[in-house]
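Protein chains in written order, with this note's numbering: chain A, 1 to 362; chain B, 1 to 255.
To be clear, the hints were calculated from the coordinates, so they are not data collected in a lab. There's no promise every hint is true.
As the list claims (entries may be wrong) - Selected chain B positions facing chain A (in silico; Cβ < 8 Å):
no. : residue
1   : T28
2   : I95
3   : H138
4   : E183
5   : G184
6   : T232
7   : G235
8   : V245
We put the CB at the ideal spot given by N, CA and C, even for glycine.
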Amino acid sequence: MTVLCLVERDGAGVADASLRALTFARGLAGPGDADPGGADQGGVDLGGTDPGGADLGGVGQAGGRLAAVLFAGAEALASETPAGQELAGYGVSDAYVIEPGQLPGYAPLAWARVLAGLIETTGATAVLAAGTDRGAEVMAHLGALAGAPMAANCVSAAPSGEAGWRITRQRWAGLLLEDAVLEAPTALLTVATDAIAPTPAAGRAALTVHRHEPALADGDQAVMATESAERSGGISLATARVVVGGGRGVGGPEGFAPLEELAGLLGGVVGVSRVVTSEGWRPHKQQVGQTGTKITPELYLACGISGAIQHIAGCASAKHIVAVNSDAGAPILSHAEYAVIGDLHEVIPALVAAIKARGVSA
Amino acid sequence: MEILVCVKRVPMVGGKIVVTGDGQDVDTRMSGFAMSPHEECAVEEAIQITERLGGNVSVLTLGPPDAAEQLRDALALGAGRAVLLETDGREWGPIATAEEIVAEARRRAEADQAYDLLLLGNEAADTGDYQVGVRVAHALGWPCVTGIKGIEIDDGGVRARREYRGNEELFEFGLPAVITVKEGINLPRYPSLPGRLRAKRAVIEEHRPQWRPDGLRKVALRVPETERKQATVLGTGADAVPALVALLDELGVLP
């Protein structure tokens with residue numbers, strides 16, 4: 001079977017979220033034709049953090065075909081380019097490119113129309129995108145165009161005979177999982193990228209690039225993005241190696257100076273809980289949680305944060321969590337690896353002083 | 001400017017989520033309910049727009065009779081009219097939900113009070129389907145953008161902004177339109193006492209749509225298995241700092 005995956009770019013390469021979606025899509029593409037008798041045995045199940053299940057199939061196996069859809073010039077996918085290398089390395093055999101002359105920018109409805117057309121021409125049985133802002137938006141449009149259901153933030157999917165597809169998807173930003181049946185001949189899915197590790201295929205595919213000329217309808221480009229040229233400077237919360245978190249325990253907007261200083265010393269950034277942004281102590285873009293940013297740092301130092309579940313949804317993918325909290329019974333302690341019991345207003349300045357002293361003596 | 005804001009009643013989950021014995025729902029016996037967070041901001045945004053440009057804010061929810069509580073919350077903040085699409089408590093999927101919102105928009109258009117703008121949350125906190133607004137826009141033939149963090153409206157139309165990979169992207173289009181917003185677009189106000197009193201007395205318009213299945217059929221809900229840790233306590237107060245510094249050193253995050 002053919003699986004189509006919408007691929008977003010990051011500079012000259014493929015966006016990390018799309019590599020995760022391709023990993024998922026490859027698992028879905030493989031076994032379809034390989035094992036027509038056992039419809040329930042195929043598919044991909046990457047619900048855990050172990051990417052080991054990713055290579056259930058590949059493009060080499062019995063006709064399973066993984067095709068990428070990109071909005072880019074064909075030259076951006078030449079074999080020596082980063083994007084061309086990554087697609088081939090992830091097992092993509094065919095890339096359909098829609099060049100800027102066809103469609104000059106991001107237009108959600110037009111992108112969905114392109115995918116709808118490619119379902120027809122390729123006979124795709126599944127279309128996937130990463131669960132990013134654009135991925136979710138385009139797949140919602142595709143669901144509406146096709147008059148078909150769309151399952152958001154899937155962690156596993158497999159064909160299920162006549163019934164359609166068995167899927168597991170995230171609810172509550174991943175705090176809850178839903179096992180469901182998607183009743184549709186063509187599965188339309190977004191992939192929960194925080195649940196899937198990006199994993200190259202066992203063998204490289206020979207990538208064929210197709211210049212696709214889509215048939216767009218009037219009005220498809222009525223909503224089109226213009227992107228600002230300037231990139232916001234500094235380290236982003238989503239990709240920071242160290243995040244120093246502040247919650248209600250910080251006490252007010254003036255209490256963040258020591259946290260900022262510590263973050264600066266550690267080459268990280270400050271993140272905050274929802275109550276901090278609801279109170280207007282810090283801007284919303286610093287929020288870690290279900291309604292803010294999901295973070296994946298080496299270290300998350302959570303100061304004065306009780307650990308409401310909506311916050312945990314945003315920081316659970318941190319490699320190490322250390323809590324500083326005056327309440328030894330705070331829920332954050334059952335998500336943290338280490339804790340200091342005490343007032344952050346005492347502990348953090350002392351920590352800053354100790355790191356500075358260490359720097360001087362070093 | 002006639003604005004309709006679609007909101008959802010969701011459980012307030014504090015420390016953890018518990019699933020009911022039959023695996024079909026979140027156990028809400030111990031939790032309160034609230035408006036889903038992005039939608040709280042959608043209500044605020046609608047009120048701010050009508051404060052600037054004039055007009056009326058209507059608020060709609062599809063949910064059980066108790067969801068009237070969330071409608072009254074929105075009325076207390078300044079919405080002028082509320083519509084309850086009352087259900088029997090069963091969960092509705094995004095396709096059927098969108099169809100009922102479309103039906104409301106058409107009812108108002110037929111009554112010569114057509115909406116100019118529909119605001120929704122980017123996704124509901126509980127089901128997280130990420131699609132109701134887009135489906136509504138398709139059925140009405142209106143432009144749509146999702147995940148918006150800034151809206152400006154003038155005679156020329158709408159300018160809507162969102163973040164994309166550290167940049168900002170801007171969309172410009174005309175009304176009527178559907179926009180889904182994210183928390184952070186504004187800081188919702190607190191209700192005033194007169195607002196609360198007005199909300200308490202307000203009459204809520206009610207309809208009872210017929211439940212039907214969506215194409216995505218829930219089998220069961222479950223809480224993902226995660227290792228339940230208990231933190232190793234490094235020490236108490238500033239006395240713990242040497243141990244903390246040693247740990248940070250071990251983790252390789254010290255300069």
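Status of the hints after comparison with the structure:
{"no.": "1", "hint": "T28", "verdict": "violated (13 Å)"}
{"no.": "2", "hint": "I95", "verdict": "holds (7 Å)"}
{"no.": "3", "hint": "H138", "verdict": "holds (4 Å)"}
{"no.": "4", "hint": "E183", "verdict": "holds (4 Å)"}
{"no.": "5", "hint": "G184", "verdict": "holds (3 Å)"}
{"no.": "6", "hint": "T232", "verdict": "holds (5 Å)"}
{"no.": "7", "hint": "G235", "verdict": "holds (6 Å)"}
{"no.": "8", "hint": "V245", "verdict": "holds (5 Å)"}
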